[in-house]
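Bring the two chains, given one by one in their own frames, into a single complex with the hints.
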Amino acid sequence: MEINATARKKQLKENISGYLFLSPAFIILGLFLFIPTLMSIYYSLTDYYMLTPDKTSFIGLDNFKKLFNDPLMRQSILNIFKFVILIMPIQVGTALGLALLVNNQEKHTIIYKIAYFSPVVMSLVVVSILWLYLLNPSSGLINQVLMKMGFESQPFLSSPNQAMITIVFVSAWQGAGYQMLIFLAGLQNIPNEVYEAATIDGANRWEKFSKITLPMLKPTSILILTTTLIDAFKLIIQPMVMTQGGPLNSTLTPAYYIYRTGFTDRFVGYASAMTVIYGAIIISFTVIQRKIVGGDGDE
Amino acid sequence: MEMNNRLTKLVFNILSIMLALLFIFPLVWMIVSAMKPEAAIFNDMGTLNSFLPSQHISDWFQSYKTIFDRFDIIRYLGNSILYASAVTIGSILINASAGYAFATIDFKFKKVLFGLMIALLVIPAETIMITKFVVVQRLNLINTPFAVILPLLSTPLYIYMFTVFFRAVSKEIQEAAMIEGANKLDIFLKVMLPMSKPAIATVGTLSFIMSWNDYIWPLMVITNSDRYPLQVAITNINNTEPVYINQIMAILTISTIPLIIIYVFFQKYLVQGMGASGTGEK
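Sequence order for the protein chains is A and B. Using the working numbering, the first residue of the first sequence is number 1, and each one after it goes up by one. Using the working numbering, the first residue of the second sequence is number 1001, and each one after it goes up by one.
Among the hints, a few may not be true.
To be verified - Capping the alpha-carbon separation at 25 Å, the derived lysine-lysine pairs in DSS-like fashion look like this:
id, chain 1, residue 1, chain 2, residue 2
1, A, Lys234, A, Lys65
2, A, Lys9, B, Lys1108
3, B, Lys1268, A, Lys218
Keep in mind the hints are simulated off the structure, nothing from the lab.
Here chain B stands alone, though its shape is the one from the complex (with noise of 0.2 Å):
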């Protein structure tokens, strides 16, 4: 019996730390490929160096250096950071503003209007994307930010995640406040929104990651290329020759790094999100 354990146990470990190895070994040569010469690359291919950077610090950010030179990257980097920023904040004032609404106002048609905003839920925004480009085509949008950035203010979800918190918020706190004074949008402002950390860092990290993820939406409203975001530059600097690895990895690189950051601190919210909401888009 205790040696049937401890072999389970042993299969146990050395099942997990392949499968570690299996789903974490892109990520690994994805940066370490970054930081290596490009014959470096193939060289070392199929060996343990192929995990390994160059022995050359100096050749550590040779790549970057090569495709900031070649691409402005850093405009990129702006733009993606603008979108993403704009469609963090602007989703959480829009949506938090129309859960206030549906969670505390007693408003005429407020069951139909609920009930249509559930209705809108299931509607994949996906299919919908040509009809969608009309729209934008019509609203003389097309190549602004505000093509990138509006579609993505408003999510029925997170009105959804924001009427269900807010329901909870305790009606005393609210009445309190309305006898000293304070008018609705003070409430909302001064004392729900305070009061919703857990919400917002739900609601900003997915619509931040979203945003920052979004590709084939710009790739159709966005014709000039110093307006792209970072996702549909990487698609374009892959399509560009020459064609380095070691450079594609840089870039694919700095795509990444803001989403670690998001990910190791705002981890806790994006499980509480999807068990929460109970439908779980990503």
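Same shape as in the complex, but just chain A (with noise of 0.2 Å):
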């Protein structure tokens, strides 16, 4: 009896002070991360409107009714798969090969690797500016330097055909630097007697790579691939700040949408079912994800 008293006065303290040193980060998480999460699932079901947040009824599924006819939203979704589907392969790619050349190096490597990794240390908002004046179709340093070689000028950022696609090479030039460090940090984990004992069976450079060096970097490549992924879906500073999701909504995409919608024009219902739909298909890709990747949570 009297041990029982002690040990359950033991575990309230240990609850207690287990909420305690909890308490902060779950009232954060609770207000800007849970509570917008389930005001976005019932608002998605209203017309609320910034502006008059008491005239708010329930609509039921109107809002999803009328996303499914909504032009702008469906360009937004083809724009956005478009840009997932082109950097995937080029910034990825781009990443592993830089990765590589750097690993094979054998002088000057930090000089190469701070080349690759200096457009990381640039935030979206100064990349976007920075490009918009290389890429300015008459005075750009790029068309300059086109023109000099005898090519024909290019309106990039400002043709309908070209704007996804230089959003792409800029994104892909910007993030690629950091991808490549931790496709080397797999390089240098692969151990150098597989390599040694391959080149005394007669190995060449070529089989080396394709049955030592990639399978080896499997884990990493899944790793930096589902990243990339699920980041290239949340797209919106680049052409916020470079097109304004022109020209002719060529570079819309979900997540300026939702902003444009719910903050511009303060229809927070219509925004709200916007984001139900945006935000099950990443947190879809995200478990994937989870899937492939393994080993998260509690074990």
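This is the structure we're talking about:
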């Protein structure tokens, strides 16, 4: 009896200290992550308008019906899929290529690393504005060089056909250096003996690459591919700063469309419906990622 | 064979150098364009001179001087430093404290709460910003530094990283401290935190960069330009006539310098952070 009471008292103390240590984080996460998520689901069924929140009424699935017939939503989803499909091979392929080049250099590796990594140190706003000037159709550096080399100058961001692909290249250029470092860490984990053994067996450069390097980089590659995929779905700053979603909505992305609808135009209800649909798409990709990468969560 | 090897090496070297130039030329152009008169930028465009600053040292800081005169850059810098420092310190303390609870304390519903936190990990913060804005509006925090700082103070990923880290600290050290009469707060502040420098460096660096680069959220919640962080101020300056390229490049350079310093000193923790977490949110 006596022992039981002491044990219970001790457990109570453990509970209290546990919750105290946890509370700051859970208050923040509750206010700015959990509650907004629930609110998005709830508001998606209403006509909440930011300037007249008192007049909100429940409208069932009307927002979702409207959403499926919204040409801009369809366009933005098509745009983001174009972006995702292009950036995956371009950025990850570049990162892997850079890592292999650096790994094979005997001298000056640090200089190459710094050069390849240099775009990462700029914020997305800085990168977007910088490239806006570099890509200016008349006076930009890129077009001046193209014309000096005898090519025609290109419209880049001011053409509906070229704008999204330009944003793909700028984004890949910015992000590849960071992933290169992670690939490099993966490459350096491959023991040298494996290559030496293969050399003795008479393997050539290509065989070593395809039979040793690539298979042993598989965990790193999966990690990088999936994070690129999920990050790519969130694209918003580059189109916002460089093209404002244009020309002709060719660079309007879902995240940007949600921002415009919910914040600029203040239709919180309708924007919430977009959030629910688009959030569900991103979450399902994230869950698949976790399944593939594996080993997350409580053990 | 020998000939072949040397040829591949040469090809690889040329490729490496060309790619290095491709990756670094925008940064170089940004820095040197801030260091010459506006007319010289257009004169040099497309020649090798585009990548050299003005020949007269007196020109080098002219555009910096002008942009500091035209706009209150010191204030924007100060705002950004305030936001980023508060986020860095707060995020380390709050996430470490939660990680400490999960790793070492046996409280009721621990499994459930940990599961909830892992579930929150998948919610893309970018998509719920509209309702997050409504929450901040209801809390009357619009246009205050709290609106920018508070949402960044806790991230499920960082709690997870601290939890993993603290689990690895040996039980004996904690028990020894307990016997000496230290309470849980003492153990957290005086034993666990000093031992977790790598985790602190990773979470601190990632938090600082996240806050420094934050753009859309402060753009939404800060309406008074006096409280703009640098990133928002930059786009504002870029849209304020008259726009001069050398001045814009000066402000872009100013915004990048703190990040260069951070990356130089903390680069190794960033890679560790992504590798260890296995989820790698930037």
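Now the hints, each set against the structure:
no.	hint	result
1	A:Lys234 <-> A:Lys65	24 Å, holds
2	A:Lys9 <-> B:Lys1108	13 Å, holds
3	B:Lys1268 <-> A:Lys218	22 Å, holds
Hint check: no violations occur; every hint is consistent with the structure.
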